[in-house]
Amino acid sequence: MNNRDGRAFKFGDDVNTDNIISGKREYDTLDIKGLVKYIMEDIRPDLYKEIKEGDFIVAGENFGYGSSREYAPQVIKAAGIRAVIAKSFARIFFRSSINIGLPLLECNTDLINEGDKMEIDLQSAIILNKTSNSSIKIKGFSGLPVEIVESGGLVSYYKKRGYFT
Amino acid sequence: MLSLTIAEKIISKNIGYTVRAGEYCEAKVDFIFGHDGSAPMAIQLLEENKIEKVFNPNKIGFILDHNSPAPNSKVSNLHKMVQSFAERHQCHFFNVGEGICHQIILEKGFALPGTIVIGSDSHSCTYGAFNVFSTGVGSTDLAMILATGRVWLRVPETIKIKITGKLPGAVYSKDLILYIIKQLKANGANYKAIEFCGDTLSYLSMDARFAISNMAVSVGAKTGLMVIDKKSIEWAKAHNISFADSVYPDENAEYIKVVEIDASRLEPQIAIPHNIDNVTSITELEGTKIDQAFIGTCANGMLEDLEIAAGILKNKIVKPGVKLIVGPASKRIYLEAVKKGIMEVLVKAGAIILPPGCGPCTGTHLGIPADGDNVISTGNKNFIGRLGNAKASIYLASPASVALASVKGKISDPRKENIYEQ
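For the protein sequence lines, the chains are A and C, in the order given.
The first sequence: position 66 = 66 (my numbering), numbered continuously.
Position in the second sequence counted from 1, then plus 165, gives you my numbering.
One chain only, chain A, in its complex shape (with noise of 0.2 Å):
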């Protein structure tokens, strides 16, 4: 992760997976990039436009609720957004992530207003609210899924450990 600053978009609470991406869309295609520009459509259309690389995404509860399809963290991650940064995330969409390197902080984003400015210090596990001039600590993970994700995701994983050589 670099340290240069990203923009928040802010949603809220139990953002689904049917918001991230539409079945529609992703059903018949494994072009992940080709599907970045309908991010949101349904709850926020052209979000792709004002997106740049290193922003990031905040949300209150419940982010990535309902469906296993992993388009959902695939599209985000190909957008170009840095991190998800929300109140808490749904597990399947949690595991997801997690498997292929898509960062996500655990933090109260009520702090956190559209279009701030922010910075991460993972080192302090603090985000710098840039535009707020205010620090918000990030709950940490730990155990198996901070392995995963230090390995670089779960195909990372098992290799380092032998699996498939």
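Hint data in this document are derived by calculation from the structure and do not stem from the laboratory.
Each hint should be verified, as a subset may be incorrect.
As the list claims (entries may be wrong) - Straight-line C-alpha distance at most 25 Å; calculated SDA-like pairs for lysine to any residue:
(1) A:K33 / C:E212
(2) A:K139 / C:Y356
(3) C:K327 / C:E212
What the hints assert, rightly or not - Partial selection, computed: residues in chain C whose CB lies under 8 Å from chain A:
(4) S203
(5) E212
(6) N232
(7) S285
(8) A312
(9) W317
(10) M508
(11) G532
(12) A555
(13) S558
As the list claims (entries may be wrong) - Footprint (simulated), chain A over chain C, 3 or more residues, beta carbon under 8 Å:
(14) 453-466
(15) 517-529
(16) 546-552
For every residue, glycine included, the Cβ atom is placed at its ideal position computed from N, Cα and C.
Once you have looked at the hints, place chain C on chain A.
Same frame as chain A, but now just chain C:
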């Protein structure tokens, strides 16, 4: 002796040492499957990483259900990709028209009580009603399980939901789970397992119980477990499935929460657009105009659901202008419904019968609503755009409520129809 929940017991037995809620482990997967929506991405990942072998073809299944028959050539090419992978590796394969993955996994005996079954579909928690620790994952998990036979898991804490009393007439297990979702909210059991128990379950058929566990994920749960009893044993025998390894929770097992539900006073429930936990009594919405009704999906496309619908639709017709779409969850169910005369009742009433599969629930075909349409469905997701049009609204209800709405052309209370005896 440690006291364990069902989830702790099944996982501990699988890995060979005792684990408790909160611990991470790597379990051996007893069965894994993917469908046409999730398998192509997994197959591509395996190919990119030049992984040529699967861990055990007998423990792997592929089902083409999400977009079947294919609505366009891009989909049929993905179907072909999945089919040739399955054939090349000699895995179980179920082609277009065989049915919805979850129904097939159950009918074919791939999900055995006391085992761990993983599916790359969120509703894989359905088999919890048959004492299976089953849960949904994404495509990278699917790919890595295909290759290694292993899955990383965090042993979940368990919420116990005790349901007592007999459901009133015209109130079904769908109403019960919608009511539970309303109580727990969409993230009320996130990362957790649920154990459903209480005497209400003993009155319910396996079809009705599967409809409950199917929506455990709607409150975020990893799985929705039940114990094996007389009815599940009968069901197992009828399907020639072993229940020898079934698991019961220990008396002093630790639950992080116990929720008690009185089923005896429950009213028919309905989920309002566009959130699953936005649930109310159907009486609140009586009279809301309906343009399309859909009976099907992995939640409620089972034989009992079609039978309930036929009970309402016998000697009646779907209101002119309204579409009633029915999707049996499997070929086996379809055939049974034909034999029992259910299909004749449905077709005479004006129902459109879909091939076994997910039908319009994937939002790509077979019943995409028009702008401004109200759809009432027995499905499990009412998200905006779920049926392929973000300008339509989706209500979720029991098969009885859906069938009745199709006749009346509006949301109606099935208790007011005098055809119920219970």
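Results of checking the hints against the structure:
no., hint, result
1, A:K33 / C:E212, "19 Å, holds"
2, A:K139 / C:Y356, "16 Å, holds"
3, C:K327 / C:E212, "46 Å, violated"
4, S203, "7 Å, holds"
5, E212, "11 Å, violated"
6, N232, "5 Å, holds"
7, S285, "6 Å, holds"
8, A312, "7 Å, holds"
9, W317, "5 Å, holds"
10, M508, "28 Å, violated"
11, G532, "13 Å, violated"
12, A555, "4 Å, holds"
13, S558, "13 Å, violated"
14, 453-466, "violated (count 0)"
15, 517-529, "holds (count 3)"
16, 546-552, "holds (count 5)"
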